[in-house]
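Q: If you're matching them up, the sequences are chains A, B, C and D in order. Counted the way this note's numbering counts, the first sequence spans residues 2 to 289. Counted the way this note's numbering counts, the second sequence spans residues 2 to 289. Counted the way this note's numbering counts, the third sequence spans residues 2 to 289. Counted the way this note's numbering counts, the fourth sequence spans residues 2 to 289.
Read the hints as simulated data drawn from the structure, not as lab findings. Treat the hints with caution; some may be incorrect.
Put simply, identical chains are the same to the list, so a pair is met inside one copy or across any two.
Unchecked claim - Dumping the calculated PhoX-like pairs for lysine-lysine here, alpha-carbon to alpha-carbon at most 20 Å:
hint, residue 1, residue 2
1, 48, 92
2, 248, 272
3, 92, 277
4, 101, 153
5, 33, 166
6, 257, 101
7, 137, 272
8, 277, 256
9, 277, 248
10, 153, 282
Protein chains: 4
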Amino acid sequence: MKGNDNTAVLLMHCPDRPGILAVVTEFINQHKGNILYLDQYVNREEKVFFMRVKWELDAFEIPKEKIEEYFQTLIGIRFNVVFRLYFSDIKPRMAIFVSKMSHCLYDLLARYAADEWHVEIPLIISNHPDMESVAKRFDIPYYIFPITKENKAEQEALQLDLLKKNQVTFCVLARYMQVLSVDFIRHYPDRIINIHHSFLPAFAGAKPYHAAHERGVKVIGATSHYVTEDLDAGPIIGQDVTHISHKNTVEELIKKGRDLEKMVLSHAVEKHIERKILTYKNRTVVFQ
Amino acid sequence: MKGNDNTAVLLMHCPDRPGILAVVTEFINQHKGNILYLDQYVNREEKVFFMRVKWELDAFEIPKEKIEEYFQTLIGIRFNVVFRLYFSDIKPRMAIFVSKMSHCLYDLLARYAADEWHVEIPLIISNHPDMESVAKRFDIPYYIFPITKENKAEQEALQLDLLKKNQVTFCVLARYMQVLSVDFIRHYPDRIINIHHSFLPAFAGAKPYHAAHERGVKVIGATSHYVTEDLDAGPIIGQDVTHISHKNTVEELIKKGRDLEKMVLSHAVEKHIERKILTYKNRTVVFQ
Amino acid sequence: MKGNDNTAVLLMHCPDRPGILAVVTEFINQHKGNILYLDQYVNREEKVFFMRVKWELDAFEIPKEKIEEYFQTLIGIRFNVVFRLYFSDIKPRMAIFVSKMSHCLYDLLARYAADEWHVEIPLIISNHPDMESVAKRFDIPYYIFPITKENKAEQEALQLDLLKKNQVTFCVLARYMQVLSVDFIRHYPDRIINIHHSFLPAFAGAKPYHAAHERGVKVIGATSHYVTEDLDAGPIIGQDVTHISHKNTVEELIKKGRDLEKMVLSHAVEKHIERKILTYKNRTVVFQ
Amino acid sequence: MKGNDNTAVLLMHCPDRPGILAVVTEFINQHKGNILYLDQYVNREEKVFFMRVKWELDAFEIPKEKIEEYFQTLIGIRFNVVFRLYFSDIKPRMAIFVSKMSHCLYDLLARYAADEWHVEIPLIISNHPDMESVAKRFDIPYYIFPITKENKAEQEALQLDLLKKNQVTFCVLARYMQVLSVDFIRHYPDRIINIHHSFLPAFAGAKPYHAAHERGVKVIGATSHYVTEDLDAGPIIGQDVTHISHKNTVEELIKKGRDLEKMVLSHAVEKHIERKILTYKNRTVVFQ
Numbered sequence: 002m003k004g005n006d007n008t009a010v011l012l013m014h015c016p017d018r019p020g021i022l023a024v025v026t027e028f029i030n031q032h033k034g035n036i037l038y039l040d041q042y043v044n045r046e047e048k049v050f051f052m053r054v055k056w057e058l059d060a061f062e063i064p065k066e067k068i069e070e071y072f073q074t075l076i077g078i079r080f081n082v083v084f085r086l087y088f089s090d091i092k093p094r095m096a097i098f099v100s101k102m103s104h105c106l107y108d109l110l111a112r113y114a115a116d117e118w119h120v121e122i123p124l125i126i127s128n129h130p131d132m133e134s135v136a137k138r139f140d141i142p143y144y145i146f147p148i149t150k151e152n153k154a155e156q157e158a159l160q161l162d163l164l165k166k167n168q169v170t171f172c173v174l175a176r177y178m179q180v181l182s183v184d185f186i187r188h189y190p191d192r193i194i195n196i197h198h199s200f201l202p203a204f205a206g207a208k209p210y211h212a213a214h215e216r217g218v219k220v221i222g223a224t225s226h227y228v229t230e231d232l233d234a235g236p237i238i239g240q241d242v243t244h245i246s247h248k249n250t251v252e253e254l255i256k257k258g259r260d261l262e263k264m265v266l267s268h269a270v271e272k273h274i275e276r277k278i279l280t281y282k283n284r285t286v287v288f289q
Numbered sequence: 002m003k004g005n006d007n008t009a010v011l012l013m014h015c016p017d018r019p020g021i022l023a024v025v026t027e028f029i030n031q032h033k034g035n036i037l038y039l040d041q042y043v044n045r046e047e048k049v050f051f052m053r054v055k056w057e058l059d060a061f062e063i064p065k066e067k068i069e070e071y072f073q074t075l076i077g078i079r080f081n082v083v084f085r086l087y088f089s090d091i092k093p094r095m096a097i098f099v100s101k102m103s104h105c106l107y108d109l110l111a112r113y114a115a116d117e118w119h120v121e122i123p124l125i126i127s128n129h130p131d132m133e134s135v136a137k138r139f140d141i142p143y144y145i146f147p148i149t150k151e152n153k154a155e156q157e158a159l160q161l162d163l164l165k166k167n168q169v170t171f172c173v174l175a176r177y178m179q180v181l182s183v184d185f186i187r188h189y190p191d192r193i194i195n196i197h198h199s200f201l202p203a204f205a206g207a208k209p210y211h212a213a214h215e216r217g218v219k220v221i222g223a224t225s226h227y228v229t230e231d232l233d234a235g236p237i238i239g240q241d242v243t244h245i246s247h248k249n250t251v252e253e254l255i256k257k258g259r260d261l262e263k264m265v266l267s268h269a270v271e272k273h274i275e276r277k278i279l280t281y282k283n284r285t286v287v288f289q
Numbered sequence: 002m003k004g005n006d007n008t009a010v011l012l013m014h015c016p017d018r019p020g021i022l023a024v025v026t027e028f029i030n031q032h033k034g035n036i037l038y039l040d041q042y043v044n045r046e047e048k049v050f051f052m053r054v055k056w057e058l059d060a061f062e063i064p065k066e067k068i069e070e071y072f073q074t075l076i077g078i079r080f081n082v083v084f085r086l087y088f089s090d091i092k093p094r095m096a097i098f099v100s101k102m103s104h105c106l107y108d109l110l111a112r113y114a115a116d117e118w119h120v121e122i123p124l125i126i127s128n129h130p131d132m133e134s135v136a137k138r139f140d141i142p143y144y145i146f147p148i149t150k151e152n153k154a155e156q157e158a159l160q161l162d163l164l165k166k167n168q169v170t171f172c173v174l175a176r177y178m179q180v181l182s183v184d185f186i187r188h189y190p191d192r193i194i195n196i197h198h199s200f201l202p203a204f205a206g207a208k209p210y211h212a213a214h215e216r217g218v219k220v221i222g223a224t225s226h227y228v229t230e231d232l233d234a235g236p237i238i239g240q241d242v243t244h245i246s247h248k249n250t251v252e253e254l255i256k257k258g259r260d261l262e263k264m265v266l267s268h269a270v271e272k273h274i275e276r277k278i279l280t281y282k283n284r285t286v287v288f289q
Numbered sequence: 002m003k004g005n006d007n008t009a010v011l012l013m014h015c016p017d018r019p020g021i022l023a024v025v026t027e028f029i030n031q032h033k034g035n036i037l038y039l040d041q042y043v044n045r046e047e048k049v050f051f052m053r054v055k056w057e058l059d060a061f062e063i064p065k066e067k068i069e070e071y072f073q074t075l076i077g078i079r080f081n082v083v084f085r086l087y088f089s090d091i092k093p094r095m096a097i098f099v100s101k102m103s104h105c106l107y108d109l110l111a112r113y114a115a116d117e118w119h120v121e122i123p124l125i126i127s128n129h130p131d132m133e134s135v136a137k138r139f140d141i142p143y144y145i146f147p148i149t150k151e152n153k154a155e156q157e158a159l160q161l162d163l164l165k166k167n168q169v170t171f172c173v174l175a176r177y178m179q180v181l182s183v184d185f186i187r188h189y190p191d192r193i194i195n196i197h198h199s200f201l202p203a204f205a206g207a208k209p210y211h212a213a214h215e216r217g218v219k220v221i222g223a224t225s226h227y228v229t230e231d232l233d234a235g236p237i238i239g240q241d242v243t244h245i246s247h248k249n250t251v252e253e254l255i256k257k258g259r260d261l262e263k264m265v266l267s268h269a270v271e272k273h274i275e276r277k278i279l280t281y282k283n284r285t286v287v288f289q
């Protein structure tokens, strides 16, 4: 589970055609790859085939650095496959963005410290100094970039530099209360995970718990999603909800919401780290 | 639970003042009313006191037909109480409105036939003939009012007549796919229960499952609410949700939704029958 | 979904070996079967491969009545496959067993009457006359077999005769409060679905809601399972739960439990009808 | 919520008698206590009245140190009340017991560090050194007491000394894999909270996830409860569950279980800190 193995993961989709499943599994089997997990799904309406397959590389006859080329040549071109290959010896590198709230941050770091995930967290970025003490507890460098309307472009450029230097492969917005620019987002397509503190598309925007209280809903939720140029409208990764009653004040909704947010965010991060998420037409396919 | 008892229920709210709880309970206790259930809640932000109390009338010294007057004179005026009194020997009378789908209708009628609820269902109203066979199975008169833009006012007037003749005290829209006019709604304020097939306020309006599928949400829901002049925006009584995945087609969402809808609607109807719902500022207080 | 198509479903399991997935899909593809759904799962601990595949027969080159033989000859023997084939033009035939409670019965019959399921219900069997009126509402023959210690073997023999005459393929115990004999059960292995009114293995046996109340649990549940010779210990198909509180009396648990029971049972029946359940070592594999 | 107020909480139960609710609220009102929350519940079967009431002390005419005496004299004796009084200026002091797993520990400490709770955590006790680094991160003293059959009584005596010196008012077993002796438990009646990693009473004892997997259940759970002399049989505070499928290995159950455990434990601890739990006949009344 934590990647101290020698495996490859293939995430792919292509137009659905008879035999595609057999062709891919045979590609692995006949070259002595031992398939550990295989999950596939066909969207019948759009006639698209999606697959995630994980196999052991120890006896695999195609050298690791050649797999992409061989797969593309032998299968990809013929079946019009969009795919990505991941290898277990390359750990994803995750940057956490945070503002002033600690609940999501602690949940991510506790799992990291407990070695639950096959990931490195080389740095934490914030627009405020508040969470620095938390970062220190876990010995993770903490960088502060105060953002104003005037300096935003400049600060984001510095952030991108820092991410690059740290070879960050994806970003997690752990209640980061600052909208990223379109330019920034384009550097990490489908690689910035946000947690929105409502059950989207209900209560998009600011102060969702106040809006939920005002509307008198009986259930509140949280939504993890990839960040796209369209605010709060990116592909949804996961959602969960909890029941509330007329008795709950806004403060209690916020408190109950914190528990939802941290769990929904951590589960999305885990799925991302495990290479179990594909995006397609602003929706996600999340393998189990 | 089913009302073969001799009890009164008082549902009330008033500005919160010290002593209001004691005053009301003493009014019942000192006149030999045996309190069976009491539930109260104070909205601290708006300083409003809400209460539901149920007591046995057998030994109660104030005659049933005088309770309202006495309560108003002794407590209501002094504390500015808005209240309603209900007696167990008067069964609520419920009209079901339905169009072409049977799942909510069957769930309501099955509970009715099993004598789960203290209610009478004297009639079913529809804009289509499709559900007549279901009504016949349960021996309930079924009236068809086809609605067009032209005849709507006229047909609603006839419906209102029919409801009046049948002494209907509240209406349940069991997937009735026809918007009621403001005029109709005003005859039954907080007494028309609708089931909306989404987790409101997300996906208000028509075709919510299609919209949910398009958006790629991971949870779908259903919402019961009182009908007000503002479509899909009345006080929410209950909501529930179920998890879905990328694998689910629109048809599967509709199927999963049916189960949610019937349960959420029936639970709302039960709370209404049990006199457990108060409305206040477009929100509900739902006692347990 | 309701089987007005011309399709086959293969449910199979076998020792996991490389290539098994490709071999089966090619068997279908190369003979012009159009695969509609495929779901597979490998139990890595026990090294067993499970699969459900559904394909269109219209263009399939192997005649329907020969598929079983061909599959067995070409694949079954070689891979040690345990399998069953189902065809959409053969509707499963379901007998409902019931005692005195109507909630599960109504839920099953409402879905049946709404044509939600690809199933026939030729008869209802009971040990009591109470539910006869419900059966009549849906025009389904109702047979009463009062059971005593003395006549049990005899009555069950008559029941088995009746089931045979009606070509019943599986039985659903919709709160049938009578333990079936081992002999009876052997006639329908993995084809008798029961609903137990607790979250098994907690509170097996009689009066589970009383036991749950006594223990002070905060969650109650219901469990659907195949009936085996070991009472309440057969393979679990589905479970669901609901939260309760100290306020709930035993009667309220029973009431809340009814809603759980009917939903959990109907979902299990649906999975069975859709040929989505495999059993293996007293556990189930339930495909989505 | 966090106690930077000047309030009292009364938790009480007594035989149910007419007027008890009015008498208690008047005791507070007439002496100028401003009631902030009041929740009451009557167990009709056992005829017991339970109440939690919280009020502001600023204008309360009875001196804080005299409230207990006055209440006992004026109401307690007359109504046979069992009660406890808590004041907001006295913070509960909590000891955490832990073995080798960090997930519950981090969740508790993250909430503590974020100042979510009105509590002090003066120390952490363990039978292993593994979690010392976590304790250090949060600057909380960590004491190691290795336990063997031989030294258990002795070590527990030292632990009790340490708890006393630190004025610990309650203990939280955050996956502490060591059974406490009856003698130890008697020092903290209804003041030791444990998390059991199953949905009790199912799978009591060791290795519940293995047992759940073996039985093939479709839902797993976690249970928080007060520790009593009867292992895993104390009053249940809270329970929650999550759905699983045949696909989940024991390792995955353990992983999913960790999330349940930490949330269920933290919620129980919060209820305890907020003085919202009463125990009665091995069951809990948990106010909202």
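Q: Work down the list of hints and note, for each, if the structure agrees.
A: Cross-check of the supplied hints:
1. 48 - 92: For residue 48 and residue 92, neither the intra-copy (33 Å) nor the inter-copy (29 Å) Cα distance is at most 20 Å.
2. 248 - 272: between (35 Å within a copy, 16 Å between copies)
3. 92 - 277: within (15 Å within a copy, 38 Å between copies)
4. 101 - 153: within (18 Å within a copy, 45 Å between copies)
5. 33 - 166: neither (37 Å within a copy, 54 Å between copies)
6. 257 - 101: within (18 Å within a copy, 28 Å between copies)
7. 137 - 272: neither (27 Å within a copy, 31 Å between copies)
8. 277 - 256: Only across copies: residue 277 and residue 256 sit 17 Å apart there, 30 Å inside one copy, limit 20 Å.
9. 277 - 248: between (39 Å within a copy, 14 Å between copies)
10. 153 - 282: neither (30 Å within a copy, 42 Å between copies)
In this structure, the hints that do not hold are numbers 1, 5, 7 and 10, in rising order.
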